[in-house]
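A.B. asks: Residues per chain, in single letters:
There are 6 protein chains.
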Amino acid sequence: MPIVTATRLVRFNAAHRVYNPTWSDERNQATFGKCNNPNWHGHNYTLEIAVEGSVDPDTGYVIDLGTVKEVAERELVRHIDHKNLNLDVPFMQGTIPTTENLVLACWRILAPHLQPARLVRLKLWETENHYVEYDGR
Amino acid sequence: MPIVTATRLVRFNAAHRVYNPTWSDERNQATFGKCNNPNWHGHNYTLEIAVEGSVDPDTGYVIDLGTVKEVAERELVRHIDHKNLNLDVPFMQGTIPTTENLVLACWRILAPHLQPARLVRLKLWETENHYVEYDGR
Amino acid sequence: MPIVTATRLVRFNAAHRVYNPTWSDERNQATFGKCNNPNWHGHNYTLEIAVEGSVDPDTGYVIDLGTVKEVAERELVRHIDHKNLNLDVPFMQGTIPTTENLVLACWRILAPHLQPARLVRLKLWETENHYVEYDGR
Amino acid sequence: MPIVTATRLVRFNAAHRVYNPTWSDERNQATFGKCNNPNWHGHNYTLEIAVEGSVDPDTGYVIDLGTVKEVAERELVRHIDHKNLNLDVPFMQGTIPTTENLVLACWRILAPHLQPARLVRLKLWETENHYVEYDGR
Amino acid sequence: MPIVTATRLVRFNAAHRVYNPTWSDERNQATFGKCNNPNWHGHNYTLEIAVEGSVDPDTGYVIDLGTVKEVAERELVRHIDHKNLNLDVPFMQGTIPTTENLVLACWRILAPHLQPARLVRLKLWETENHYVEYDGR
Amino acid sequence: MPIVTATRLVRFNAAHRVYNPTWSDERNQATFGKCNNPNWHGHNYTLEIAVEGSVDPDTGYVIDLGTVKEVAERELVRHIDHKNLNLDVPFMQGTIPTTENLVLACWRILAPHLQPARLVRLKLWETENHYVEYDGR
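In order, the protein sequence lines correspond to chains A, B, C, D, E and F.
Residues in the first sequence are numbered from 1 upward in steps of one, following this note's numbering.
Residues in the second sequence are numbered from 138 upward in steps of one, following this note's numbering.
Residues in the third sequence are numbered from 275 upward in steps of one, following this note's numbering.
Residues in the fourth sequence are numbered from 412 upward in steps of one, following this note's numbering.
Residues in the fifth sequence are numbered from 549 upward in steps of one, following this note's numbering.
Residues in the sixth sequence are numbered from 686 upward in steps of one, following this note's numbering.
Hint data in this document are derived by calculation from the structure and do not stem from the laboratory.
Keep in mind that the hints are not guaranteed to be accurate.
[Unchecked claim] Over 12 Å on every C-beta distance to chain E, these chain F residues come out as not near it, computed from the model: (1) Gly718; (2) Gly751; (3) Lys754; (4) Asp820.
[Claimed, not checked] Straight-line Cα separation of at most 27 Å, DSSO-like style, residue types lysine-lysine; simulated pairs: (5) D/Lys480 <-> A/Lys69; (6) C/Lys343 <-> D/Lys445; (7) D/Lys480 <-> F/Lys754; (8) D/Lys445 <-> D/Lys480; (9) E/Lys582 <-> C/Lys397; (10) B/Lys206 <-> C/Lys308.
For every residue, glycine included, the Cβ atom is placed at its ideal position computed from N, Cα and C.
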C-alpha cells in the first residue's frame, strides 16, 4: 500500500514578546533586540500540518483534510488566534514564545488527535522570510 | 559526486467529483460532502516534479528541466488539463479522483520517463490551503 | 472626511464549460478550444471585493470587513462554491460562464448588500495568470 | 511627457488592539470581537507606496525607488515595526488603530517627503485576505 | 453594455544595466549604484496586460485572453525573454532600460494589436518588492 | 532535546549565461538554447537556508535567524547580488553557472559559518517555476 503525505494549512494572528524573564533587561535587549519590545509586536502565522498514511481504498483519502482542519481549529487555532502568546495561551506558559517553541507546542497538541494518520511534519511560517519545521525527533 | 534535487512546476485545471460509486448517495454525501456534487466542481492544480541525480560536469545540470517540462506536458498534462478527472482520463478510471490518488497516478506515469535522473518526490497542490506528497514508498 | 477603499478576498472552487449553446459544435470548438470540453473543467477562483466610504470616527472602519465576508458567503459563495456554474447556479442561467459574465453577476448580487459602504470594484482571478475587473460602469 | 506610477513595497510587524476607549467593554466586544483582545494581537503588514510623475530623461526614473524605500524606513517603518500601534506610536495616538486609520496616518507622514514625485496611492495589507487603499481624497 | 477590464500576465527574464551613456562613470555610479554594474545583472519580470471593452454577448469575452497572450508572445516576449535589454532589443535602443522606460516601450508595442479591446493599463513587476504602471497618459 | 529546523530566506538578482566554454557554439546552442545568449540574461533568485539543531532553553532559538541573515549577506549575497555569475563571482569561476552549481557553491560558502547549528538544506529558486535543493550528500 503506497504511503502518501497530506498537508493542510491553517492561519492565525498573534502578539508576542521574545525575552527570557530570568534575564536582565540589558541581556534581553542584547539578545532579542526589537523582538523584546515590552509592549509586544505580532505576526500573521501560517502552519502547515502534514500527516502520513496509506490511502484508504474506500475513500481515496489518507485522512479527510477537513477533519485535520477541524481538529486544528478546535485544539489549536481558537486558543492562539488573536491572542497574546505570552499572556493568553496556557500551553505556552513557561516557554519563550519563539517560532521554535511554538511549533513544538503545536506538535504536542495536534499529534494525539490525528489517528489513524500520523503527524509527520509541521512547518510554521512567522513572516514570509522565515519558518521553522519539526518532525517529531 | 554531489547529489542535487531539481524541481519543475507544471499547472493544469480540471473538474472532478469525489465519491465512491459502490456506495449509496447518502453515504457518499455523509463522507464527501460538497466534494460529492454530482454536477462536478474543479480546481487549479500545481504539480511540483522533483528529480534527483548527480550534476553532469559537462552541463551543470542534473537534468534539463525543460525536458522534464516536455515530458510532463506530453505524458501527463495534455491528458488532464481542462478535463474531467472522472470521465476523460483513462489512467484515473477505477479510482476515486482525490488528490492522493491523482498524485499516485502522476508518479506511475512520470517515473519511467525521467532517466537518468530519478523521480524522488511529487507535491500536488489542489488549493492554496492543501497539498499531498508522494515519494515512491 | 477622507474616503478609503477596503477590500476583502473570498475564494471558491467551481466547474464550468465555456460555450455558446446556440452555436454548432464546430464553431464552439473553434472559438473556445479546450474551455469547451463538454465534460467540464474547473478552477479555484479568488474574488476581491472593494468597498469605499468615509472612515467612521467611532469604529475606525469604512465597514467591518467581517460583515463583507459574511455577506459574500451568504449571498454569493455558498451558491457557487463546489458547484457547476452552467448547471447549478440560478443567477448564471442564460449567460456563458466566462470570468467576465461571472464578475458581472457577482456585482449584481453583492452591490445591494453593502450599504452604507459602496461597492466600487470587483477583481476576479480564475487562474494565477489572468483576472477580470468590474467597477459598475 | 508620459506619466508613470512607480510602487515600492515595505513590510513591518506590529501588535494592536482594535477598540474605542470611550465605549463600554460590552460595546467594544460586540463591535470588534476578537480584535478587541485587551492583551493585544498582531500582524505582518505590507504597504505598497505608489508615486507618480513624468520619467526623467536623464535617469529613466520617476523617482529612485531606493529613495522611496529610505524615506519609508526613516519616516515610517522604524516607528511602527515591532511596535504596539496603540502604545508605542505617537502619530497613532487618539485614533483607533484599524487598517483604515493606519493607512491615513501613513499618507500624512509620507506625502511631504516624496517630491518631485507625487504620492498617489497607498495599499496596506493586514492579512493575505484583506487590505485598504487611500489615494488622498 | 457594461465595460469590463480583462488582464493577462506574461513573464520573461532579462539582463540589463541601468546607466546613462552620456555621463561619467562616477556620476553613473553615484546615481545608479549596484544597478550600474558594467557586467550586467538581471531579473524575472512579470507584466500584467489589462484591456477594456464591453462583453461580447456571443462569447462572454471582452477579448479572448489567449489572443492577448499570443500577441504578447509574438510582439513582445520573444524579443526580450532571455535577452539583454541594452544590447539585444531594438525597441529599447536609445533609452535607459529602467522599469519605467520598459513599460512605456511595452505600451507602444502592444497597444496597436489589441483591438477591438483597448489597452488601458500595464503593470510591470521587476522584483517582488517593486513595480511600475502606465495607463497611456 | 527536540531537534528543530529553522529556515531564513534571502534574495538576490544576477545575470548569467549557461554554456560550456570547451564546446562549440553549435553544441552550446543545441544544449542550452536561449539560456546560452552570449549577451546574458538574468533572474531574481530566492535562497532558503535551513539549519538544524536543538532548541536552546535559554533563548528558545535553534540559532538567531538574524545571524543567519547577516552571515548570508556578508559571505554570499554581497558577492552575487546585482552581479554577473560568469564574470564577477570568484567562487563560480570554472563552473557553469546553472542553478545546480550555484546551490553547491552556496553550500560550500555557508556551511562553515553556521555553527553550532548545522546547515541541512538549501533550496534555490531561479524562477517561480523551478528550483533546486541540496542537503550535503
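A.B. asks: Now tell me, hint by hint, if it's right for this structure.
C.D. replies: Hint-by-hint comparison with the structure:
The non-interface label for F/Gly718 is inconsistent with chain E: the shortest C-beta to C-beta separation is roughly 8 Å, within 12 Å. Here F/Gly751 stays apart from chain E, with its beta-carbon at least about 19 Å from theirs, past the 12 Å limit. The claim that F/Lys754 is not at the interface with chain E holds, since no C-beta of that chain comes within 12 Å of its own (minimum 16 Å). At roughly 25 Å from the closest C-beta of chain E, the C-beta of F/Asp820 stays outside 12 Å, upholding its exclusion from the interface.
Between D/Lys480 and A/Lys69 the CA atoms are separated by roughly 39 Å; this puts the pair beyond 27 Å, and the hint is violated. Straight-line distance between C-alpha atoms of C/Lys343 and D/Lys445 comes to about 16 Å, which keeps the hinted pair within the 27 Å bound. Between the alpha carbons of D/Lys480 and F/Lys754 the distance comes to roughly 20 Å, so the proposed pair stays at or under 27 Å and holds. Annotation: proposed proximity of D/Lys445 to D/Lys480 is violated, straight-line Cα distance about 33 Å (limit 27 Å).
About 37 Å separates the Cα atoms of E/Lys582 and C/Lys397, which puts this hinted pair outside 27 Å; it is violated. Pair hint B/Lys206 plus C/Lys308 holds up; C-alpha atoms about 20 Å apart against a cutoff of 27 Å.
When the structure is compared with the earlier hints, violations turn up for hints 1, 5, 8, 9 and for no others.
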